[in-house]
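Each chain, letter by letter, is given below.
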Amino acid sequence: MNQFVFEGKQKNVLFGLMALGVVCMLLTWFQDDVYHTRFWTNFLHNSFFFTGIAFISLFLYCGKVLMYSGWHTVFKRVWEASAQFLSVGLILLAVIVGGVYFGYHHLYHWADANSVANDELLQHKSKFLNKGWFLLATLGFGGVWYFWARKMRSISLDQDKHGDSTYSYYKLAKKWGAIFLPIAGFSSAAFIWQLIMSLDAHWYSTLFAWYATVSLLVSLLAFTILLLVYLKSKGYYHQVTIEHLHDLGKYLFAFSIFWTYLWFSQFMLIWYGNVGEETTYFKTRMEEYPINFWANFAMNFILPFFILLRNDTKRKYGSLVFISIIVLLGHWLDFFQMIKPGARHTAHELIEASANHHSSNLESDVKKVLISNTEPTKTIVSEEVKPEEHKAEEVKVGETHATANHAENAHMESANHDGAEAGHEGHHTPEFKVGFNIPGLLDLGTFVGFGAMFVFFLFIQLSKAPLVPINDPYLEESLHHHV
Amino acid sequence: MGAYVSPVREPLIIGNKTYHQITEDICSPTEKTPTKQFVIGFILAATFLALYVFSVTWTVWVGIGSWNLNRTIGWGWDITNFVWWVGIGHAGTLISAILLLFRQKWRTGVNRAAEAMTIFAVICAGQFPIIHMGRVWMAIFIFPYPNTRGPLWTNFNSPLFWDVFAISTYFTVSLLFWYTGLVPDFATVRDRASGWRRKLYSNLAFGWTGSAKHWQRWESLSLVLAGLSTPLVLSVHTIVSFDFATSVIPGWHTTIFPPYFVAGAIFSGFAMVQTLMLVCRKTMKLEDYITLEHIESMNKVILLTGTIVGVAYLTELFIAWYSGYLYEQFAFYNRVFGPYWWSYFGMMGCNVISPQIFWVKKFRRSIFITFFMSIFINIGMWFERFVIIATTLARDYLPSSWSYYSPTWVEICLFLGSLGLFFTCFLIFARFAPVVAIAEIKSILKTAGDNYIGPNAVHAPHHDTHSVEEDNHSHH
Chain E
0 MNQFVFEGKQ KNVLFGLMAL GVVCMLLTWF QDDVYHTRFW TNFLHNSFFF TGIAFISLFL
60 YCGKVLMYSG WHTVFKRVWE ASAQFLSVGL ILLAVIVGGV YFGYHHLYHW ADANSVANDE
120 LLQHKSKFLN KGWFLLATLG FGGVWYFWAR KMRSISLDQD KHGDSTYSYY KLAKKWGAIF
180 LPIAGFSSAA FIWQLIMSLD AHWYSTLFAW YATVSLLVSL LAFTILLLVY LKSKGYYHQV
240 TIEHLHDLGK YLFAFSIFWT YLWFSQFMLI WYGNVGEETT YFKTRMEEYP INFWANFAMN
300 FILPFFILLR NDTKRKYGSL VFISIIVLLG HWLDFFQMIK PGARHTAHEL IEASANHHSS
360 NLESDVKKVL ISNTEPTKTI VSEEVKPEEH KAEEVKVGET HATANHAENA HMESANHDGA
420 EAGHEGHHTP EFKVGFNIPG LLDLGTFVGF GAMFVFFLFI QLSKAPLVPI NDPYLEESLH
480 HHV
Chain A
0 MGAYVSPVRE PLIIGNKTYH QITEDICSPT EKTPTKQFVI GFILAATFLA LYVFSVTWTV
60 WVGIGSWNLN RTIGWGWDIT NFVWWVGIGH AGTLISAILL LFRQKWRTGV NRAAEAMTIF
120 AVICAGQFPI IHMGRVWMAI FIFPYPNTRG PLWTNFNSPL FWDVFAISTY FTVSLLFWYT
180 GLVPDFATVR DRASGWRRKL YSNLAFGWTG SAKHWQRWES LSLVLAGLST PLVLSVHTIV
240 SFDFATSVIP GWHTTIFPPY FVAGAIFSGF AMVQTLMLVC RKTMKLEDYI TLEHIESMNK
300 VILLTGTIVG VAYLTELFIA WYSGYLYEQF AFYNRVFGPY WWSYFGMMGC NVISPQIFWV
360 KKFRRSIFIT FFMSIFINIG MWFERFVIIA TTLARDYLPS SWSYYSPTWV EICLFLGSLG
420 LFFTCFLIFA RFAPVVAIAE IKSILKTAGD NYIGPNAVHA PHHDTHSVEE DNHSHH
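For the record, the sequence lines run as chains E and A. Sequential numbering of the first sequence, starting at 0, is according to numbering that gives the first Met the number 0. Sequential numbering of the second sequence, starting at 0, is according to numbering that gives the first Met the number 0.
Quick caveat, the hints were computed from the structure, so don't treat them as lab data. Remember, predicted model here, so these are calculated numbers, not experimental data. Warning: the hint list may mix true and false statements.
As the list claims (entries may be wrong) - Cβ pair distances, simulated, as ranges:
no. : chain 1 : residue 1 : chain 2 : residue 2 : range
1   : E       : 270       : A       : 147       : 29 to 39 Å
2   : A       : 214       : E       : 15        : 50 to 60 Å
3   : E       : 125       : A       : 220       : 52 to 62 Å
4   : A       : 360       : E       : 314       : 32 to 42 Å
5   : A       : 69        : E       : 279       : 55 to 65 Å
Where is the CB? At the ideal position from N, CA and C, for every residue including glycine.
Given the sequences, and given the hints that come with them, work out the whole structure.
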């Protein structure tokens, strides 16, 4: 069976899971935090996670071509197929980008004109963190990657049809693959900075991009193991033996340790340096989101390390599948904990700010602009902050929009609130909330929905070409692979 | 691994070798009278070593005052040299351990010399922190032992202290790894020798007989050591980077330092391997074992790690700007355009820009260009450490403390002298030990020899799949 057939039953199951995802997202929307932060963070989180996996499979694929790697050839179509998900990823990310551009979500602190006006740091960063660049770079980088995914795929398919002993397609793949690596190296860093790191817009870490990239790589490896085991159970890929899975298991082990190395380096250096601007990131996570923080470490280091350390656990389906599920979920959780705290903080800060404007507006209406220039008003505003904090979290959907719109209108006057704004900038501990402090069923359901979509597109791609590439110069090596 | 070899793989051993011919080729340099080239090289190296001994003595006798370090710039050439040498010491273990785990067959041509290089480079590196103490006998205090000084212990919180352990562990494991590989080869030399050489090599070979049991234990020990040294390759330069990054000094305190230092170390290590291997293959006639394919592979690693280092440099610059943190921005502005701008541009030019010529296959396979590039990169990586250390320290928080540092003759001679130490050790090694791992190169002959694969192969690779396997197991 060298031709994958995407059966109706599989489609139905996947559609069902996608529907589950949609239902979860709808439910999330209707019982959400302010500004639908849970919904939007979930959307960003899963879009980024699966687009990232698609990107990293292209990256690994190109790397493998250049490293003269032979053993993986038999299942290289899987990575070709998963890289094609970049097209869907682009659409998903376009929604996020559109949200920044047209302001229908409030994920990014730097995208809020009011905040930027009052924040020197955000003004400084606006040369990079601005709507125009965000739009161009996110879609531009994604587009370039997708182009490359198509290119590498077409070279591989051409090789199936016309490949001969000159191995011209293999050489061509090496050329295109080589060019992709530096492009990917630079663009993925910027991509991660602007989509993920900028959620905590004040915070920065030079290691962050590499850390997130390796997280994606480990996710891909875990996903690959799961997919290959599934396909084997369906009778495909009898050529993929336990030897290949053993090597994938070694990769999973090695890169889990490498991920931990980067995790530790970033954490330890910031902890040791003890500079307030940097430690706030981990302080927030350790004190307000301890479950995410420690589960991340346990699932992505402790478990894979001890389970995969032995030789035999890498050669048994049971242990491999078990740890792959843990690690895939673990790295999903890793991005969960990267994304949620910053976005939630931003949303609360924005709603507080706009609630302030709203209430002070009720008092003095339009002429407030004039009054707010005087000292006394400033103190009144800052006194009102405290009670409003509690109200702010209960603001309902319609009101949210009203206040948000108002915030836009109040753009000019807010400049006068400098002192008041600085006074209440996120010094309260947010209450424990499922969907932020810990992934809830709705978040997991959304993950399953996105995952099903990912698998759906992957299966479509997989069914378009033979599973095992013929005419690949490394094919025989891969078929005879043993460790 | 499978015995089938893809037709696109280039042979790694050329010249239609037999097992016996390999033994002859590799053992013979240790058996002949040293060549003139060797003697001249050795005298030169030993002279520099004497210079080293002299300048260390001078430093200890006169004191650290004979250097140009000052209140602002407490680390200068000394720590630059230390980090540079440690970095060079990375390629050997990377080649022997990580490439072993990745089953890269080309490692067998260069691993022995690279491991030797690692050991000598770490020896050189380890001297500098001790010399920097001025009163070298105080080095005893870096060891945490129960003492009569009451509660006075080493500072366990200090990355400088972690360094002591990281480097000594790395040195120990690398030494074991290197020597384990040498044992069967020493036995080969022993079996060909007579007289005092036979005595010497039989001591060195630890009574190796080549029995199946010996090989079995040797194989498992190699694998265990590879597993142990893989994290060590990362940890050593990581901890060296902690020496800087745990501080709060702008320009030093940055989270990318650990992996970026490791990439830089591999980069500089490979450059030094290239320098040494190009000389070795020429003078010892090892062109059949260290082929253009090896050189090209190493140039690819150099291109890759050079570009990773480039990404890191630009990341640092970008985040310094992005942080909006004035001191961070100044530190990097100063690094690029400050009084030491020339070292920054030297670093960028040698490490990031010039290796890009290796995108062209012709240059990757050019011995001339490779040799010059390897020297370039050695210089560039020295500049990198100088840039990080001196330019950062020269511009303090207080402009009144700003200073400029240039070395005295003692510091320059220490550096040049350490090269003498390194090359003296390496030449002694090249004289007495097989520079290419005989047993390991033999293990790849039937899957990478040009008489078995590639266009010159006597027969097509398809046919002898099974016999290759059997041969592989029985050739010892």
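Structure-based check of all given hints:
At roughly 34 Å, the beta carbons of residue 270/E and residue 147/A sit within the given window of 29 to 39 Å. Separation of residue 214/A from residue 15/E is about 57 Å and conforms to the stated range, judged on CB atoms against 50 to 60 Å. Hint check: residue 125/E to residue 220/A, Cβ distance near 59 Å, so the stated range 52 to 62 Å holds. Separation of residue 360/A from residue 314/E is about 39 Å and conforms to the stated range, judged on CB atoms against 32 to 42 Å.
The hinted window of 55 to 65 Å between residue 69/A and residue 279/E is violated, with their beta carbons roughly 36 Å apart.
Hint check: a violation occurs at hint 5 only; the rest are consistent with the structure.
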